[in-house]
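Chains A and B are the protein sequences, given in the same order.
Using the numbering used here, the first residue of the first sequence is number 878, and each one after it goes up by one.
Using the numbering used here, the first residue of the second sequence is number 309, and each one after it goes up by one.
One should not assume that every hint holds.
What the hints assert, rightly or not - EDC-like mimics (lysine to aspartate or glutamate), calculated; alpha carbons at most 20 Å apart, straight line:
1. A:993 - A:982
2. A:1199 - A:1097
3. A:1199 - A:1125
4. A:1178 - A:992
5. A:1078 - A:1066
6. A:1096 - A:992
7. A:1199 - A:1218
8. A:1098 - B:463
9. B:567 - A:1204
10. A:1138 - A:989
11. A:1181 - A:1204
12. A:1096 - B:448
13. B:456 - A:1015
14. B:456 - A:975
15. B:567 - A:940
16. A:1018 - B:448
17. A:1032 - B:463
18. A:1098 - B:327
19. A:1075 - A:1027
20. A:974 - A:1204
21. B:567 - A:1213
22. A:1178 - A:989
23. A:1199 - A:1185
24. A:987 - A:1157
25. A:974 - B:463
26. A:1020 - A:989
27. B:567 - A:943
28. A:1020 - A:940
29. B:567 - A:975
30. A:993 - A:1218
31. A:994 - A:1185
32. B:567 - A:1195
33. B:567 - A:982
34. A:1075 - A:1217
35. B:567 - A:1218
36. A:1178 - A:1195
37. A:1178 - A:1210
38. A:994 - A:1218
Simulated from the structure, these hints should not be mistaken for lab results.
These are the residues of each chain, in order.
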Amino acid sequence: MHLKRLAIANMLGAATALFMATGAFAAGETLTISGFGGNLQKDLRATLWQPAADAAGVTLSEETQDGLASVRVQVQSGSPTWDIVHLGADECAVGGKEGLFEPLDYNTIKTDGFDKKAYGEHWIATNTYSVVLAWRTDVYKDKHPTSWADFWDVKAFPGRRALSTYPQEMMEIALLGAGVAKDKLYPLDTKLSLERLKEIKPNISVWWSSGAQSAQLIKDKEVDMMAIWGSRVASVIKDGAPVEFTYDNGILGYGCLAILKGSKHVAAAQKFIAGVVSPEVQARIPEMMPYYGPTNNLAFKVGKFSPDVLAKSNMSPENVAKQTFIDANWWRDNNELVREDYSLLISN
Amino acid sequence: MTAAALDTQPLNAGLLGDDERRHRLAMFGLSVPAMLLVALVLLVPFSWLAWLSLFDASGALSAENYARLLRPAYVNSFVSTLEVAALVTGVCILLGYPVAYLLSQLPKRAAQILLVFVILPFWTSVLVRTYAWLVLLQREGIINTWLKQLGLISESLPLVNNLTGTVIGMVHVMLPFLILPLYASMRAIDPVYLRAAANCGASPAQAFRQVFLPLSAPGLGAGAALTFVLCLGFYLTPALLGGGRVAMWSTQIADAVAKFANWGAASALSVALLVVTGLILWLMKWGVRRLGTSLGER
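With the rest of the complex left out, here is chain A:
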């Protein structure tokens, strides 16, 4: 009995010593990063954040953010407990405009291989996601929809449809369906877009508001075709549901990182972000996070990928060519008004 207790005490002592040793080894600086939580955050940490933190010699601690409002509260407190935040690009752009973020140091962070729309003074995109057209293969057996024009063609493709309750990406989809050219999308013709949405409205059975809900809709055959995130529909297909999707006509959006104003670890955070967007770390995305994509195009030069991985990645050269990038700055300036018109349209 006594011996046992002694052994446990010894073990605890050894563990403490070990813990302190590793703590000292990690240079002592801890960065707190706040993201969307859930599986996405787990994947991002394993794929991007951890290797970048190791390279920068910092320890990572994780939190979950609840939109830009929670970031604003952090900054307004004067001493934010978060150093870095992972958001949607439009939120990053709004936050930058509001002065919530430290400017990024583009001497440390290299933007070679980046699209001009993929970074701003205060933020940089670290991953992409796609909004795609998905359909039930048991409903559309011989002839399936291949574009947003088909989505709007209720005669040729009858069936129940779903779109998101958030106007972002949906406004773009409506214009693509109306035949607006990909490179002529922005500034969005909101009037035409809303008209098109009004036209399809009687055939929209559900306006979804969360990723989980969107996946359930097509999995349970509540709808026959829909606009959905690529990663979500991929997991539905993996579960064996008779569903297919196409990157054709898809909308590419960005997830981004920014440093909170007032953070006490700005220099370390710059180094960390530089690591996240480096081609080597970005090249981990296609294999570890299929259906998401790297924002640094050099990732496809650095990494060697099998044709299967490339077919799945939304950023592989042939898949990118099929899609359109979202303009975060346009949404930064127009979101609130568009949102009002859009919510009125779907609920009226």
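Once you have looked at the hints, place chain B on chain A.
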């Protein structure tokens, strides 16, 4: 008149009055901590909220936050919130009144057992119940599948992702809030009154309408008011069962805070909801009192 009034006062009126004043003071003293707590956690934040609503995004004093409430998107969701709340309250009354009546007429033991079934939904998370409705009501859900197998319908009924689904889900959540106060007030009605009515020649239907219904009106009013007010603040159920179509005021408040970080706008939305809720409660109280007296007089 004054002399007569004085005559009826007992001799120790002064002493009794002192006693009552002392008693009231002691009661007031006892309730001070609770009132302080209410002031601290309710009045202070609410005053702050009302204060915030007077400033626009740049921090200047303006009525902008209230002016925006007149824009069509807000008016639409405000009207739809009131409609949903009224509809749910109406359905709850139709379903809940007979249940409460039955419970109040049963022997106490039997009523208590049945009450457990009324309270049972309280013990399950709203989220779980809402998802359960989704499973039951959706196109390939249990109800539509059965109806189709029985040959009653050929096409699935649109039971969810619309107003119907929202009302079903909300009624399920709200029924106990209506039944419990109603049952309590019905239990308090002395059955002797009904027997007296019968003695005077009233048929059971007449006795119910002229005696029981007016006496249960205060409980019905309390239950209906509770249901209605709670419905105004619903967020989760309409979001999950409404298919994005049922615009609720609470969604607008959540958007203003979470999506646009516009505290001023969110505060104005909340103040407007609170004022309208207060107004409706006052009207209902007035209406119930009138209903009670007019039914009783007939």
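Each hint tested on the structure:
Straight-line distance between C-alpha atoms of residue 993 of chain A and residue 982 of chain A comes to about 16 Å, which keeps the hinted pair within the 20 Å bound. A hinted pair counts as satisfied when its Cα atoms are at most 20 Å apart, and residue 1199 of chain A with residue 1097 of chain A does not qualify at roughly 28 Å. At most 20 Å may separate the alpha-carbon atoms for a hinted pair to count; residue 1199 of chain A and residue 1125 of chain A meet this at roughly 5 Å. With a CA separation close to 15 Å, the supplied pair residue 1178 of chain A and residue 992 of chain A stays within the 20 Å bound.
A hinted pair counts as satisfied when its Cα atoms are at most 20 Å apart, and residue 1078 of chain A with residue 1066 of chain A qualifies at roughly 18 Å. Restraint check for residue 1096 of chain A and residue 992 of chain A: not satisfied, since their Cα atoms lie roughly 35 Å apart, outside the 20 Å limit. At most 20 Å may separate the alpha-carbon atoms for a hinted pair to count; residue 1199 of chain A and residue 1218 of chain A exceed this at roughly 29 Å. Between residue 1098 of chain A and residue 463 of chain B the alpha-carbon distance is near 14 Å, which keeps this suggested pair within the 20 Å criterion.
With a CA separation close to 18 Å, the supplied pair residue 567 of chain B and residue 1204 of chain A stays within the 20 Å bound. Restraint check for residue 1138 of chain A and residue 989 of chain A: the C-alpha separation of about 26 Å exceeds 20 Å, so the hint is violated. A C-alpha spacing of about 30 Å is found between residue 1181 of chain A and residue 1204 of chain A, which places the hinted pair above 20 Å, so the restraint is violated. For a cut-off of 20 Å, the pair hint linking residue 1096 of chain A to residue 448 of chain B stands: about 11 Å separates their Cα positions.
Our distance criterion of 20 Å between C-alpha atoms is met by residue 456 of chain B and residue 1015 of chain A, whose separation comes to about 19 Å. Distance restraint check for residue 456 of chain B and residue 975 of chain A: the Cα-Cα separation of roughly 55 Å exceeds the 20 Å cut-off, and the hinted pair is therefore not satisfied. Annotation: proposed proximity of residue 567 of chain B to residue 940 of chain A holds, straight-line Cα distance about 19 Å (limit 20 Å). Between residue 1018 of chain A and residue 448 of chain B, the direct Cα distance comes to roughly 19 Å. Compliance with the 20 Å bound is thereby established for this hinted pair.
Taking the CA atoms of residue 1032 of chain A and residue 463 of chain B, the gap is near 19 Å; set against the 20 Å cutoff, the hint holds. About 73 Å separates the Cα atoms of residue 1098 of chain A and residue 327 of chain B, which puts this hinted pair outside 20 Å; it is violated. Using a Cα cut-off of 20 Å, the hinted pair residue 1075 of chain A and residue 1027 of chain A holds, with the two alpha carbons roughly 16 Å apart. For a cut-off of 20 Å, the pair hint linking residue 974 of chain A to residue 1204 of chain A stands: about 15 Å separates their Cα positions.
Our distance criterion of 20 Å between C-alpha atoms is met by residue 567 of chain B and residue 1213 of chain A, whose separation comes to about 9 Å. Distance hint between residue 1178 of chain A and residue 989 of chain A is fulfilled; the C-alpha atoms sit about 12 Å from each other, no more than 20 Å. The suggested pairing of residue 1199 of chain A with residue 1185 of chain A holds, with an alpha-carbon distance near 17 Å, which does not exceed 20 Å. At most 20 Å may separate the alpha-carbon atoms for a hinted pair to count; residue 987 of chain A and residue 1157 of chain A meet this at roughly 12 Å.
About 51 Å separates the Cα atoms of residue 974 of chain A and residue 463 of chain B, which puts this hinted pair outside 20 Å; it is violated. A distance of roughly 42 Å separates the Cα atoms of residue 1020 of chain A and residue 989 of chain A; the hinted pair therefore is violated under the 20 Å criterion. In summary, the hint linking residue 567 of chain B to residue 943 of chain A is supported, as the alpha carbons are separated by about 9 Å, within the 20 Å threshold. Only pairs whose Cα atoms come within 20 Å are accepted, and residue 1020 of chain A paired with residue 940 of chain A is rejected, the gap being roughly 46 Å.
Our distance criterion of 20 Å between C-alpha atoms is met by residue 567 of chain B and residue 975 of chain A, whose separation comes to about 14 Å. Between residue 993 of chain A and residue 1218 of chain A, the direct Cα distance comes to roughly 30 Å. Violation of the 20 Å bound is thereby established for this hinted pair. The hinted pair formed by residue 994 of chain A and residue 1185 of chain A fails the criterion: a straight-line CA distance of about 28 Å is larger than 20 Å. With a C-alpha separation of about 34 Å, the suggested pairing of residue 567 of chain B with residue 1195 of chain A is violated against the 20 Å cut-off.
About 28 Å separates the Cα atoms of residue 567 of chain B and residue 982 of chain A, which puts this hinted pair outside 20 Å; it is violated. Between the alpha carbons of residue 1075 of chain A and residue 1217 of chain A the distance comes to roughly 14 Å, so the proposed pair stays at or under 20 Å and holds. The hinted pair formed by residue 567 of chain B and residue 1218 of chain A meets the criterion: a straight-line CA distance of about 15 Å does not exceed 20 Å. The straight-line distance between the Cα atoms of residue 1178 of chain A and residue 1195 of chain A is roughly 14 Å, inside the 20 Å bound, and the hint therefore holds.
Restraint check for residue 1178 of chain A and residue 1210 of chain A: not satisfied, since their Cα atoms lie roughly 35 Å apart, outside the 20 Å limit. At most 20 Å may separate the alpha-carbon atoms for a hinted pair to count; residue 994 of chain A and residue 1218 of chain A exceed this at roughly 26 Å.
In the structure shown, a violation is registered for the earlier hints numbered 2, 6, 7, 10, 11, 14, 18, 25, 26, 28, 30, 31, 32, 33, 37, 38, in ascending order.
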